[in-house]
Structure formats: structure tokens, C-alpha cells
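Produce the entire structure from the sequences given, and follow the hints as far as they go.
Protein chains: 2
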Amino acid sequence: MADMPSSVDILEEGPREAFQIEPGPIATADKVALIDALSATGLKRIQVASFVNPKKVPGWADADAVVAGFAPAPGVAYQALYFNPQGLHRALAFRDRLTVVGSITLSASEAFSLRNLNRDRAGQLAAMREHVAVHREAGVPVTRLSIMASFGCNFSGDVPVRRVLDTVADGLAVADETGARIARLSLADSMGWETPVRTQALVGAVRERWPDLPLTLHLHDTRGMAIACAHVALKMGVASFDASVGGLGGCPFAAQPGAPGNIATEELVFLCEEMGIATGIDLDALIEAARLARRIVGHPLPSALVLGGGLAAMRRAAAGA
Amino acid sequence: MADMPSSVDILEEGPREAFQIEPGPIATADKVALIDALSATGLKRIQVASFVNPKKVPGWADADAVVAGFAPAPGVAYQALYFNPQGLHRALAFRDRLTVVGSITLSASEAFSLRNLNRDRAGQLAAMREHVAVHREAGVPVTRLSIMASFGCNFSGDVPVRRVLDTVADGLAVADETGARIARLSLADSMGWETPVRTQALVGAVRERWPDLPLTLHLHDTRGMAIACAHVALKMGVASFDASVGGLGGCPFAAQPGAPGNIATEELVFLCEEMGIATGIDLDALIEAARLARRIVGHPLPSALVLGGGLAAMRRAAAGA
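The listed protein sequences correspond, in order, to chains A and B.
Under the working numbering, the first residue of the first sequence carries the number 1, and numbering increases by one thereafter.
Under the working numbering, the first residue of the second sequence carries the number 1, and numbering increases by one thereafter.
Careful: at least some of the hints might be erroneous.
Because identical chains share one entry, a pair is satisfied inside a single copy or across any pair of copies.
Subject to a maximum C-alpha distance of 20 Å in a straight line, what follows is the list of computed SDA-like cross-link-like pairs (lysine to any residue) [as the list claims (entries may be wrong)]:
(1) K235 <-> G204
(2) K235 <-> D3
(3) K235 <-> R45
(4) K235 <-> T105
(5) K44 <-> R184
(6) K235 <-> A201
(7) K235 <-> I182
(8) K55 <-> G102
Don't read these hints as lab results, they were simulated from the structure.
See below:
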């Protein structure tokens, strides 16, 4: 597992991330157009909507219409986000269009969980037991364990790696108790504390303790470190990332509004391809999708590559010259 | 040399980079205010102006007034850019305020040199012999060798590492012939082709051939890779970088206007400090200087960290809680 992967798997979260945070309103047709543009790039997994309370997240009041509206592309798995039984059942109404899989989600920082969800660790664990039970009743597998605040916390500061390990162990214990079979561990930098140093220490420690548990990183570019963290992780063999086209989305926990959100998908794809790691994604098509996203949201996006453009055309011209 | 450095040296090029490319006009007093803000952050070297033809670069028509106007801070070396004897002599008129040191500059891509300067390799070498002679007459040492297009070229594509090595050798030969004593080699990503893979290969090859020649990297964030390249270089022992506060400047050779320019100084400082590498720079003060720069140029800057803010205040609050 210590070698570089030969290919990576990317979950494109741009639509879901963007339309929950953009002030909008953004037309349902534009959301659908972005999803369809993304599914034509070679991306194999796209998170297309969030089934949440429209009073809290008005940008996703049209989640059902968006999910009903995109044109499913062969070989692409479409996902939706949800947090509670109502959301799960809204997703299941689209079982023919969505891949529905459950997650156990815990925060490595209790301070974050208390602020964000009003739950201490015991409360988190109880909620997750209930969450798995709801999935079991609905016949939906729970296969993913996600650890929020894995890189640090605005409220409790640096989170010791040991505490992340304890949180993973707690989540795996809940899975054991409830019969969930965890096939993937996602480490999320919920508040933009990631650095390459932290990434190396965290991935190394998790790997050492659970060498066979496949890892996903959910990186936030709040402080400009995402691509360096991804590079470190790729060199350590991490082969799965969440990402957001154009860097769409922003970070609700950044000190300032307008701070970048997830790592930009096209920058991650460019990095991988330059490292010789296959993505199966057409970078120029992805950059065009990011430009479509920019037109839809009506403001510049954090991605440098969207402005700079790829190298393929210049390489072709130079080779032909 | 293969170990991480304990400290790094940063040449802040933001003022010079910004005011040559911003459409402006920008008041001389604002340029001076930015320089003075930067000199209060702990930065030890600042490139404050460009002595160039005001018809070609109207943003630096006031270079003399800017250089006359800043308040020299103790321990800070101020530099100016110039390309020809007229520029050198304008800089020398401010010898009491500026550190004037010459460079031999060559392009690893002849295609770039032909397009940009209408000079082939022989023409470049002849021009550099003349350049050193002009410095000798003026009593100014030439101590730096800079290689443009060290990472790739928009016109000739990927530049073989071997060609960069040949160009360095050519430059060192000119130095030998002309009696210049080169104390530093600068590898510049003039057109935004850098990747971590290329950085590792290039730094490794240069190190192997000239193990005792100190290296500087001039990185461009055109495609979002600068921080990952800096991380790789730091781990290989590179201890000197050019950078630009806020990512000021842009890249005249990017496919699209508005593409980011140099690596953002505050992101480089954040990375170094998180790696345990001392910069001597107050990150929060530097972020404030970037925000001043943003107000002066009147548009968002590429740096994520300017939006995200540093971690120091949250760490202090968490420690006190």
C-alpha cells in the first residue's frame, strides 16, 4: 500500500457543495446542466444533490427536481447527501437513479460536534447506532466510516492524531455492534486545518493501525494546502479523494466568507495525470465544466487551473511544430 | 543538502510583479504603503520596483518615485529589477536604498527566447557577456544565474531536464569567461509548467551535477501546483524561494488572463512554519499586507490563505479555553 496507486477514484462533489452555499437562486436547469456536463468528462461518481431541510438549506429545495432531471450516463454512479431518515427516504425514492449507501459519521473533535450538532461523543455514538438501524430497516448497506475534523478544529485547535485513531476505533465498534460492514474510511478536513505534514502523519498512523482499510481523503483548500496534501497522500498510496469542480463550494467554517472549499477536481486530475496516475477523466472537458460552473454561479472560482488552462493543447502544438 | 532546511530565505516580489501587470493606474503612495507594510512583517528581501521602459510598462513609470519613497527598515534588503544598462544606472542612482546585484539570465527553451527576446542561444550568450561587462564597468557584482523556462515552455512544450542542465552549464561558462562569481542558481517556471514530479526531477538532477550551488526556485501557480512543488523542494533541502504576497502579479504567458502568478508568500510561509522551517515572518501581519494589496489593486487575489486566514488565533483561543 505504500506505493503510488496506478489509478485514482474521485467523488465529484461540486454540484452538492456549490448549490448548498451559493446565495442563488440558481435555476434547476442550470444545476442539471452542470451535472450532465460533469458526467461527460469521465468522472465515475458524482454527488448531485442534498436531501436536507429546505428551510435550512434553501439552495437544495429543488433536490428532487434536480435528481429527476439529470440524464443518467452509463457507468456513472450518482449519489446524494442526507443526514436523517427523511433524507434517506427522499433519496430512496430515486433508487433507480441514485446509488444509495450509508455512512457512519463521527467527529474527531468533540468541541466541533457539540457546536455543530449539540452532541458529545456518547451522543454521536448513539445517533450513529440509530442511523445504522434506520438504514438496515430500509435495506441500505452502511459501508463507509467518515471522520470529521480529522485535521484540526476551529474550536479545540490541533486534534491529536491519537484522537482521530480513537474516533475511528469508536466508529468501527459501532459498525461491529450494528452489523455494518465498513469498506472505506474517509478522513475529512472539515475546517481547513490540513497541511502536508499533518496528512503524512495521519495517513501513516491510520495505515499502521488498519493496513487493509481503504482510505478516502476529503480535503479543503481553505489555506491553499490541498494540492500539496493530495500529493503526499498519493505518494503514500491513497487512491480515493472527494473533490469539487472549480473548487466550487466554499468552507462554512473558514474565518472569512469566500474562502475556498474542497480541492478543485481539475487540479487533482492534473496532478494525478502528471504523476502518471490514471484518472479516466478528460481534463480539458473538466475545465470546460468548471467554466460552465463559473457562469452558473456568476463569480470567479478558487481553481487556478480553470484560469491557467491545461497543457495538452500546447504539448500537441509543440509536438506538431 | 538532502535534508529539510532549518530556515528559508524568501525574496518578496509582490510589488514589482503586481504593478507591472495591473491595469492601474495605482498611486505611487499606495505602492510605497505596500512596500512599507511588507517590510514590517519580517521579510528580509523585497523587490520594490522595475526600472523598465515606461512606454512598455506604464505601471512602473514611477519606479524612481517609489524607490525614493519607501521607508528603509533595518535589516531589510530592497532590490529592483532591470534588464539593460539604462535600468542598471537608474538602480545605481539609489545605491543608498537598494541592494544592486547582477544576474546572468538564460532561457532553457530557445523557442521562448526567440519569441520573447528575438535571441537564439548564441544571441543569449553574447547578450549575457555584454551584460556582465556593463556590470563590471559599474562595479556591480554578478552573482546569480537564472534559468527561465526551466519547467516547460508554451512554444516548445516539455523542456528536457538535460536541456536545463546544458543551459546552466552555458551560463556558468559565461560566468567563468567574464569573471562573474555565481553564488546562486535560480530555476524559474516562467510559463506555469511546474509539477511536483518535474520539480523533484529537476532539483535532483541539478543537485547531482552541482551539489554545492545554492538553489532558488521561482514558482508560478498558474495551474495550482506551486505549493506542492515548494513542499517537494523544501523536503529536498531547497531553502530559497521567490514569492509574491497574495499571489499578486499574474502570469503574462498563461493561456488566459487572470491566471495566478508567483506562489503566494503567505502560503509558502504557512507551509514552512507548519513544517517546522523558520521564516522569521509574522504570518498574520503578512496576511494583513496581502489584504492591503487587495484593496490597492481593487480585485480578489489568488491566495486562498488571504481568504481563509491563519490558524494562530484559533490555536491561541483553543489553548486558552
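Against the structure, the hints:
| no. | hint | verdict |
| --- | --- | --- |
| 1 | K235 <-> G204 | both (11 Å within a copy, 17 Å between copies) |
| 2 | K235 <-> D3 | both (7 Å within a copy, 19 Å between copies) |
| 3 | K235 <-> R45 | neither (23 Å within a copy, 34 Å between copies) |
| 4 | K235 <-> T105 | neither (26 Å within a copy, 34 Å between copies) |
| 5 | K44 <-> R184 | within (17 Å within a copy, 47 Å between copies) |
| 6 | K235 <-> A201 | both (13 Å within a copy, 15 Å between copies) |
| 7 | K235 <-> I182 | neither (24 Å within a copy, 35 Å between copies) |
| 8 | K55 <-> G102 | neither (24 Å within a copy, 63 Å between copies) |
When held up to the earlier numbered hints, the structure conflicts with 3, 4, 7 and 8 and fits the remainder.
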